[in-house]
Amino acid sequence: MSSPAISTLKMMLAKDLVREMRSKEIFLSSFLFSVILMAAFHFASAANRMPIEYIPTTALWVCILFSGTLGLNRTHASELKNGCFRALMLAPKEAGWIYLAKVTSNALLLGFTLCLLVPILVLFFQFNPGSALFPLLLSLILGILGFVAVGTVIVAVTANTRMSDILFPIIQLPLQVPVLIAGTQATQLCLEGKTPTDWWQFLVAINVVYLSIGFLVYEFLLEE
Amino acid sequence: MSFRVHLEAVSKNFGEVQALHPLTAQLGPGERIALMGHNGAGKTTLLTVIASLSKASTGNVHYLDGDRELKKKPEIRQRLSLLSHQPMLYPDLSILENFLFFSRMYDLGLSKDAILDHLDAVGMSGDPNRLVRACSQGMTQRLAFARAMLHRPELLLLDEPFSGLDIRGIERVQKLLRDFSGTVVMVSHEVDHCHALMDEFWILRRGRLVKKLQRTQYDRAQLEAEFRSELPEEL
Amino acid sequence: MKNLGYLASAYTAIWLVLSFFLAKLYMRNQKLNREIDQLETRIKELESKRGSGAE
Amino acid sequence: MTARKLLIHAIFLALLIAVMECAILWALVIAPADREQGDVQRIFYFHLGSIWPAFLAFFYVLYGSIAYLVTRKQIFDHRAFVAGQVGLAFGSLVLITGPIWAKPTWGIWWTWDARLTSMLVLWLIFLGYVMLRDYIDDATKRERLSAILGIAGGVMVPFVYLSTRWFETQHPSPVIMGDKESGIKDPQMVNALLLALAAFSLLAIYFWRRGIELVHSDARLQALRRRTLDLEENV
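Protein chains in written order, with my numbering: chain A, 19 to 242; chain B, 1079 to 1313; chain C, 594 to 648; chain D, 255 to 489.
Since the hints were made in silico from the structure, they are not lab data. As the structure is a computational prediction, the values presented were derived from the model and not from experiment. We put the beta carbon where it would ideally sit given N, CA and C, even for glycine. There may be inaccurate statements among the hints.
[Unchecked claim] Computed beta-carbon distance windows for the label pairs:
no.	chain 1	residue 1	chain 2	residue 2	range
1	D	327	C	622	18 to 24 Å
2	B	1147	D	392	27 to 33 Å
3	A	234	B	1137	25 to 31 Å
4	A	181	B	1107	41 to 47 Å
5	C	617	B	1268	50 to 56 Å
6	D	317	C	621	37 to 43 Å
7	C	621	B	1143	47 to 53 Å
8	B	1201	A	41	26 to 32 Å
9	C	629	D	327	21 to 27 Å
10	C	644	A	181	42 to 48 Å
11	B	1192	A	130	32 to 38 Å
The shape of chain A in the complex, shown without the other chains (with noise of 0.2 Å):
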């Protein structure tokens, strides 16, 4: 049983690596997405003389949110075309562990774009993540992979539909609201030197709900 799952789990994460290294495709949509983002946030935030040091939080998880919808939009749409969708739902594999390989090469890259994002966070507005790098990295990991949990089985929904750029975000974005305060609440925290225990513990509980609902309904989606 574990064998073949990590096997499909390995190739469609090399695959999904090699494709994003060759096209740059979410690195160009989130990355650079998220840096003209966060210039936005400090013009919008400096009208009403927003003190600085509470912008961080606040500009990672928009960052997060918006950012990560375009990339999933984008990793979803590559795999739509040519029909290579199609080549994985006639793929001799579980449905349940290819979910959970595009839940983990799409966590990985938006992970990628978050590290990227933390030197210009600290260069735009003072994020001084100082000893607090370790909880903050869980809350972050924690956070992101609720996100992508969630948003992996939306976009395959919404692809199916007319209009599907406007409609993911439209409908994604509710859903994604428990992870949004969680994850906001658990990271300022981290940052004024708490450990946002109970946090974790609701993050952690929404990954495990996500995740397993992810694996049993991924199915019912490899069809046409």
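For chain A, the structure is supplied; the task is to place chains B, C and D on it using the hints.
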């Protein structure tokens, strides 16, 4: 090699449109069937239903190995293959990367040389590191055909396999199809190809299977006449 | 007895929303039933035509 | 059969109207006015009365969606979809009456209070669920995809509720939450609340049943249209 498919009163509707009326048929090992019909006759719909890609609105599709019914989707999908009008190859990956990926997807564990051998059959082993995006339509179609044959399926479902191919490409695909020993279901508009390669001709008209003809009883001209007589008047 | 305006507007809003929902259900139902009737007569017509055509 | 159905329908309608009359009577006349808030507090009975069916409907969407995917019976899809619509209607009531009550009580129309926030988010989630169907052109996918979204949305309900609650305890809002307690001290107030709950639950069930009938006739209409098209072609 005793993979069989039973279609039991299978129908398919898209809302108000009945794409396929209830159809009962069997696909036995080694049978070669051409699906013929006008645009919108339900050929492609039937093909995707057989491929287990879309679920029939009513009726059932049974996949049998000897007397044992195959229930699990991975088990079924290992044995069949679909060539649709989309090439199903990642445009941002090279030819070789694509084939390595699909060889692992089907647990074939093919080496690079084995894949090059396989590509040679469609005349595409020359530049395996070229990106699929950079291939012409005809080259992509050859690759798509090679991809469909990669895991040695027992049932091959082809939707217009010759579209976009040049003379050489057509010859190669024809040769591969002649040598193929499994079951073939082919959708094609070209009466020539159907008559040259297939043994049985199913003519569909407005979602109904109206005629089943044998090659032994019809020469090419007769087949075309039969086919033409079932074309509906234009909308 | 203060803020009666708010109370009145809240109740008006409730009944407006509910009657809107109900009216939508009702009208749609009427429309569907009409269409179903039309189609049924048309089908009968067509079937009798086909019956006579076959004879 | 239809006579019996009509009778049940009539009895149910009579019950609904009776309970609704009582609920209005108690809420507006019999229950005493709140000491602090005065008469505005009377909004609260119907505000809470509509939260309950809305939440019930959202959980029914989850149940119906799972049942549909497991059994693939259309009836579950219809039930879940109409439950989503009913939940949306009652959710709208909550969102309209909430601010109207908040303005005179708290002095502001909107506050990011857990009850309002969670209802807003859930309302948006289920708005997406109800909207999705209209944008899927392929009717064979409609039920399956909306069931998947229904499951995703239904599972999110407790998470939305919990996260907004915790969010609030971390950021105490400027509002004293004593209103609720002061609202149900008087036994007549309890009666009014219970009656409002009963009345709105019955109303929700009534809407739900009518809605399902509607979706049924819609499906029947499609089948009839298919039949007509078919006959017209073949006459």
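Honestly, which of those hints from before does the structure not fit?
6
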